[in-house]
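For this one, chain A is given, so just place chains B and C on it according to the hints.
Top line first, the protein sequences correspond to chains A, B and C. Take any residue in the first sequence, note its place counting from 1, add 30, and you have its number in our numbering. Take any residue in the second sequence, note its place counting from 1, add 28, and you have its number in our numbering. Take any residue in the third sequence, note its place counting from 1, add 14, and you have its number in our numbering.
Source of the hints: derived by calculation from the structure; they are not laboratory data. Since the model is a prediction, treat every value here as computed from it, not as a measurement. Note that the Cβ used here is the ideal one computed from N, Cα and C, for glycine as well. Be aware that one or more of the hints could be misleading.
From the derived model, a few chain C residues whose C-beta atoms are all more than 10 Å from chain A [unchecked claim]:
id, residue
1, Gly55
2, Pro186
3, Ala202
4, Lys394
Below 27 Å or equal to it, Euclidean Cα-Cα: the simulated BS3-like pairs (lysine-lysine) are [stated by the list, open to error]:
id, chain 1, residue 1, chain 2, residue 2
5, A, Lys251, C, Lys401
6, C, Lys394, A, Lys327
7, A, Lys314, C, Lys75
8, B, Lys250, A, Lys294
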Amino acid sequence: MSPSSQDVWVYVEHLRGTVAGHTYELLGKSRDLAGALGGRVVAILLGNGVQPLAGTLGAADRVIYVDDPALAEFTPQAHGTVLRALAEQQAPRLLIFGATSLGMDLAALLAGSMGMPLIVNCKDIGVEDGRVVATSQMCGGKLLCEAGIGDRPAIVTVLSGAFPAEKGASDRPPQIESVPLPVSPDALRMKVLRLLEPAAGDVDISKAPVLVAVGRGIQRKENLPMTEDLASLLGGVVCSSRPVVDQGWLPASRQVGKSGMIVKPKLYLALGISGAPEHVEGMKDADLIIAVNSDPKAPIFDVADYGVAVDLFELLPLLTQEIEKRKGLAAAS
Amino acid sequence: MNISVLLNMVPDLVEELEIDASGTALDTQWMRFLLSESDEHALEQALLLKDRHGARVTVLALEPGDAEEALFSSLAKGADEAVKITGVSPGLSKRVVAMAFKEALQATPSDLILTGVYAIDDLDGHAAGLLAGMLDLPFVGVTRSVEPVNGRVVVQKEYPGGFAAEVEVGLPAVIGVLSAPQPPRYVPVARIRETRKTRTLTERPVSVAESLPGLTIRRLFKPEPAERAEMLTGTLGDVAGQIVTILADRGLVR
Amino acid sequence: MVTGDLHRAASGDAHAGLFFGAPQDWRREFNPCIQCGMCGGACPLGPAMDYTPRRAIYMAKEGLLDPVIRSNTLWLCVSCYNCTARCPTNLKITDILFPALRDAAINAGIQLPGEFKRALDNTYRYGNSLGEGPRKRMEWTKGAGVPVPVISQLRRPVEVLWLVECYPSYHPRNQVQAQAMARILHAAGVDFAILGPEERCVGDCERLSGEKGLFESLVEYNAALLDKYEYQEIITSDPHAYNSLHRVYPTMDRRYPVKHYVEFLAERLDALRPLLRHRIDARVTYHDNCCLGRMCGMYEAPRDLLRAIPGITLTEMAFARENALCCGGGGGGMWLDTVIWQAAGDRLSDRRITHALATGAEILAVSCPFETSRFEDSLKSSGHEGKLIVRDILELLDESMRGRGGAAA
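For reference, chain A alone in the conformation it holds in the complex:
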């Protein structure tokens, strides 16, 4: 490997022609890190027909893209082999991936094959006297570990939402460089047979990143559509405690709790749920729990991170409006 540069590389995740929002979080943070290290931010974009995406990565100083049919679908083999070849040529100081189903594969594979230190699930990264320090979240958030990587080239994976995405947004056109496939296509020896769309129809609530949960407090089946709108706005789905399913207002696949599903979403918004132990068992490990219940003594507030003791029917329209406003702002910037 050539002598290390102080560059910070961000692996760009994209699907169906759009860069993942999480990538912008990484780019934003990388600006700080590269600045402190005295290097540049380089976005690495691999795929087929990805050139148009490069222009959105202005927060990076440089975008290196490899556009090749062999990279059309992601496999750890294909993208990992190309990344390794690029990294061996250019020796970045830090390689940053999102802690996602793609990033975790690549990061571990590269760390193993290149013998580089790796810290996963970071919620913070910093530079102290030229040394990289990261804080990793372990054991479902019950344990945090501050680890120093020293001055060796290293890899990190970062939790979604750890850093603000706004800092990674930029209109500035980056310096874009196209690189041919650095290895022979035979080296990318894994074949994607076909892509599978998410199943329509019955939803698997355990896979949803956001859950809007309704309880008895929703009172009537007719009140469900507004909660479904809210869920869609947040990129999630509606689930419920047992009584709502018992009434037949939602199918059993939506039930959260001891006799339903155990879920660990990024956000669990509990509306009109009292928080009986049988329900709490199903959702207590959610990353963020916000509960709305008109009874300030409801046990749900013992497990929630934030609580609001108001009438959910009064709050919901305002909440929906506020989210739409915020999203409108985000799209415009």
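The following block gives chains B and C in isolation, referenced to the frame of chain A:
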């Protein structure tokens, strides 16, 4: 087909985690361990391949953390051989775990190596990917099914956004399992007890360097505990705004 | 009407164990079956079963186990013992047929309902079906307001060893009942101690769930513990634990002097009565739970306790005493709730609540930890919340001792 399943014991979060006096390791006095959930799925995936296609299943685990219970339970569920790897205490390092498995696997030729794609106590990597990198073997992680097809395997790999892909992988390969096509099977306690009496574990000593190359744990700590929810107050409009700010800060409003 | 000597089953015929782990082929237990159909007719969930107990017995004896263990029958038994109570040939349908069928299903690799499997895994790992850590068994004692000694720390013999059991130790709705019991024992001057973090489930529901090995390992563990300490008698707040300790353990040659709290306190009513100073002016109807009632004939003791509280008038619901309709929580019912509800269309506790409501009583009194939550849930889901409150006898005694203001833990 010879399948090796790698098992990891992780802290059981039913008990409070305690940090030892040095502040850089967990205090194991009251700690209980259990088999990592995604490894349970990896074992189930292997047993399904055995049930349906007649594979031979070997399970391997590092000794620390009450691995014997997991190894005997695996035999009771139908694994053909169980290997207890001795001589290594990996602590929090999955890199050391991967190195230990790499060495232990030399004595067990494998067409397919299945293990959980991650564990709750991962810090310096995920054992599945690290091992694949060290062995320079094809690797796919976050899978929800593995099927043999013409001497290769076809796996379903999860992508973000609810998408997935069918990927064909040549053998030998390492697969990081997220979930098996069906929930891990139940094994009756009577059968585990009987297995403990009638079967033996293969002991396999290995030696690896026990440090985190390039990585220093500066401190382990617990987040500030919250007894109850932080209650948001103000007018309804204020509260709605506060909620959205909380969500936006976490990247939940895009 | 109950035929046969109901309580002969309770005292345990020496030749036939109540635990199907008995060495003989369990199907021979059912040789006396005359296929009369009383069992299926008496079963509250019989109509929802693919095969009634009668048919299951017939098929099992004919070697046709496979369709039975693949049917829904196995998962609809809540161990209410109604079939056992009415069988004219005294067959141990609840204690042997269903556990044996479930054991066969588990061994045949049938997919178990998720919650059911989790409960068994939890009991094996943590000694309780709720999956709570052993060290948290003491949490409830903090709110008792009286000392709750742990026998291993006392290092001396005690008059009474109190097996608190799992739901009273861990479930928030039941912890207040455990706290009430501690206060009552203390006020009555009883020298008692608990096992604390060493305690593991007695495993009655696990036994009835067909987990033979798990029950055996729990018996070994509990017997070792009970043999280690010195006490004059054992009391428990859980009728299911009482069921196994009183009826099943002796058939495995383990005999312990155990009482449920209702009989223990009823024996001490003369000492208790002066402590029950505050009136509770209410009509109360008592639900006879299956273990204490139908299986052990304990009908008067709980009523005596309730009548001792000044202001209470007792009123009986339909289907009382040996005819009581189960709440649906026993024998794994707590972990099969959704499966049962989906097959039958309602919950047994929903049905039972209508009997209680029909009496016009203000309070539904119970003496089994499963029942408080089950009946309270049923009141809410049937839209009758507020018409009736559910209280364990312990909570009522405690309230009468301390007055309403003092009732909060």
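Structure-based check of all given hints:
1. Gly55: holds (28 Å)
2. Pro186: Given a closest Cβ separation of 6 Å, the condition is violated.
3. Ala202: Consistent with the label, C/Ala202 stays out of reach of chain A, its closest Cβ about 30 Å off (over 10 Å).
4. Lys394: violated (7 Å)
5. A/Lys251 - C/Lys401: holds (24 Å)
6. C/Lys394 - A/Lys327: At roughly 18 Å apart (the allowed maximum being 27 Å), A/Lys327 and C/Lys394 satisfy the hint.
7. A/Lys314 - C/Lys75: This hinted pair is violated, its Cα atoms lying about 47 Å apart.
8. B/Lys250 - A/Lys294: With a Cα-Cα distance of about 20 Å, the restraint between B/Lys250 and A/Lys294 holds, given a limit of 27 Å.
The structure shown violates the earlier hints numbered 2, 4, 7.
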